[in-house]
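Take a look at the letters that make up each chain.
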Amino acid sequence: MDFIKELYAFLKARKKFWLLPIIIVMVLFGGLLILAQGSAIAPFIYTLF
Amino acid sequence: MKILGISALYHDAAAALVVDGQIVAAAQEERFTRKKHDASFPANAIRFCLEYAGVSRDELDHVAFYDKPFLKFERLLETYLAFAPRGFTSFRQALPLWLKEKLFQKSLIVKELETGVGDAVDWRGKLLFSEHHLSHAASAFYPSPFERAAVLTMDGVGEWTTTSLAAGNGQNLEVVREIHFPHSLGLLYSAFTYYTGFKVNSGEYKVMGLAPYGEPKYASLIREHLIDIKDDGSFRLNLDYFDYCTGLTMTNGRFDELFGAPRRSPESVLTQREMDLAASIQAVTEEVMLKLARSVARETGEKNLCLAGGVALNCVANGKILRDRAFENVWLQPAAGDAGGAVGAALAAYHLHGRRPRVVPAHGDAMKGGYLGPEYAQHDVESRLKAAGAVFEVLDDDALIDACASALKDGKAIGWHQGRMEFGPRALGGRSILGDPRSPAMQRTLNLKVKYRESFRPFAPSVLREDVSEWFDLDEDSPYMLLVADVQDRHRIPMNEEQQRLFGIDKLNVPRSKIPAVTHVDYSARIQTVHEHTNPRYYRLIKRFKALTGCPVVVNTSFNVRGEPIVCTPEDSFRCFMGSDIDVLAVGNCFLSKEAQNPALLTRYEEVFELD
Chain C
368 MDFIKELYAF
378 LKARKKFWLL
388 PIIIVMVLFG
398 GLLILAQGSA
408 IAPFIYTLF
Chain X
395 MKILGISALY
405 HDAAAALVVD
415 GQIVAAAQEE
425 RFTRKKHDAS
435 FPANAIRFCL
445 EYAGVSRDEL
455 DHVAFYDKPF
465 LKFERLLETY
475 LAFAPRGFTS
485 FRQALPLWLK
495 EKLFQKSLIV
505 KELETGVGDA
515 VDWRGKLLFS
525 EHHLSHAASA
535 FYPSPFERAA
545 VLTMDGVGEW
555 TTTSLAAGNG
565 QNLEVVREIH
575 FPHSLGLLYS
585 AFTYYTGFKV
595 NSGEYKVMGL
605 APYGEPKYAS
615 LIREHLIDIK
625 DDGSFRLNLD
635 YFDYCTGLTM
645 TNGRFDELFG
655 APRRSPESVL
665 TQREMDLAAS
675 IQAVTEEVML
685 KLARSVARET
695 GEKNLCLAGG
705 VALNCVANGK
715 ILRDRAFENV
725 WLQPAAGDAG
735 GAVGAALAAY
745 HLHGRRPRVV
755 PAHGDAMKGG
765 YLGPEYAQHD
775 VESRLKAAGA
785 VFEVLDDDAL
795 IDACASALKD
805 GKAIGWHQGR
815 MEFGPRALGG
825 RSILGDPRSP
835 AMQRTLNLKV
845 KYRESFRPFA
855 PSVLREDVSE
865 WFDLDEDSPY
875 MLLVADVQDR
885 HRIPMNEEQQ
895 RLFGIDKLNV
905 PRSKIPAVTH
915 VDYSARIQTV
925 HEHTNPRYYR
935 LIKRFKALTG
945 CPVVVNTSFN
955 VRGEPIVCTP
965 EDSFRCFMGS
975 DIDVLAVGNC
985 FLSKEAQNPA
995 LLTRYEEVFE
1005 LD
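Note that the protein sequences, when read in sequence, are chains C and X.
Quick note: the first sequence uses this note's numbering, first residue 368, plus one each step.
Quick note: the second sequence uses this note's numbering, first residue 395, plus one each step.
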């Protein structure tokens, strides 16, 4: 719940509510990816994210 | 007010403790876990900081984290959106990581603090988040010796920012201008690190060290196609040649085509081409940094400049900024990379969030010479070494200095473990391997037999502060080895015609000065000035070496082998000593020679660590 509140406060402060539908789609899609692959180790050359 | 600063989860994890505005302790997690560039939560480093200062977890007023995860997530989403559908592979890799861990970083940090430091504390209530580049700027300005200064930070990327200009005055620090991702000088340099076959985020030093062997033949190609540099030093990258926004690598096929070949495979033979590429990217980086510094000087009218961020570890460019004299004084944060963000986050929390006044140090800066890590009492050193099976003599201070100075004069490599460990990537005479710079063979011997690293890599000199201008073209303090200057003309050895015709790595074997082991092929040296008040024992050693030889300079390289984090404990030092060709080891007042040790404890350390 804290997370939702903080995310809301962040989007409000940054005036980025337009990101919200994208975040929701990504959460759903990401959930599927997690279920599909199991591991979250990303072999990035440079940890940009 | 007691504030714990943390940087973690991306590159170099570290912790720092600030008590009433003073930096009391700071250390990188890699030194404890023995895993180079360890990015995991720095529980060991935090425990060290609290124990060293005698501060209990309940006494902490705040815990300051060095960047803002939501802002970073915003960048991630907007970047993928901007490049969609091209970045799908990268997206597929990154998203689960974020949804599982990184998006919930606040909870993750609280959980780690509970398990690693202790529960029954309202960690969530104490937690603050500072922006990445504000942390860098705070780490550069607050410990500096200036009441007011312009602050320039440059690195790969923080949340959005890759380059920032801030104005510092007393306790206030305000970011006034920023360059945003994906346009990044740090990432451009890292792209060339990758392309020349080195590891990104650790091989940048190698590119810088390789540059003087080459000619900047590709610099105009870089300016024409890769980066658009404006007169004020701001820049834009041409993303057609890079892969980091959408893929898993730094450069792409078009980049290979532009430079006429694919990237060099790691650990394969270095050719003149890589040296020329290194020289070219170094020249372009210096151009951007100089232009930025000049425009910042013009715009702000400030006399002082503070630098931080990974790009500020480019000591060759720093030396050029200093000699350019756009600013009267330049101060560099010794832990300029992400580890230093822990110090910056804590100081920003103290001065900006806590609104506490800043007291500028009366002498020098507030980094205490960089000696902010653990130290070991003599009785503790003795019991630890005994337990490790070491054979040693305990000498008084004078005898120890004499024995070490004589060993240096005899051409021996010395492991020097004294006092508090350094914070930041450089060994500054706390955890160092030392040698005689007058020996023409010392660079190769140290590189190949002691450190097991590439023979082209240069070593740095430690020189008594009062003698620096006698030997080098520099008359400033450089206590953190972040400035490069040339060896004075009178100490150089001119090359004959045949030697002048040599190219690239062949130049390595030509002695360039009376101190060849620390003179790079272009006569430059990365200088550490040694000051009596910050490291009296190291100062005395060099002074004694000067009395024996007339030379106030020693070779100083970090106490580790390639791929190993710098040693922390007496046991780490003993292991590294027994696993490499270091001849003599001095830990506190304990003096160890290799011949006296039990041969059964000798190991081959060369293959223990993953190459960096």
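Check before you lean on any hint, since a few could be wrong.
[As the list claims (entries may be wrong)] Simulated restraints on C-beta separations:
| hint | chain 1 | residue 1 | chain 2 | residue 2 | range |
| --- | --- | --- | --- | --- | --- |
| 1 | C | K379 | X | L642 | 29 to 35 Å |
| 2 | X | A835 | C | E373 | 55 to 61 Å |
| 3 | C | W385 | X | S614 | 47 to 53 Å |
I should point out that these hints are in silico values taken from the structure, not numbers from a laboratory.
Even for Gly, the Cβ is constructed at its ideal location relative to N, Cα and C.
Results of checking the hints against the structure:
1. C:K379 with X:L642: 29 to 35 Å: holds, 34 Å
2. X:A835 with C:E373: 55 to 61 Å: Between A835 of chain X and E373 of chain C, where Cβ atoms are some 60 Å apart, the hint holds.
3. C:W385 with X:S614: 47 to 53 Å: violated, 42 Å
Going down the numbered hints, you'll see the structure goes against just number 3.
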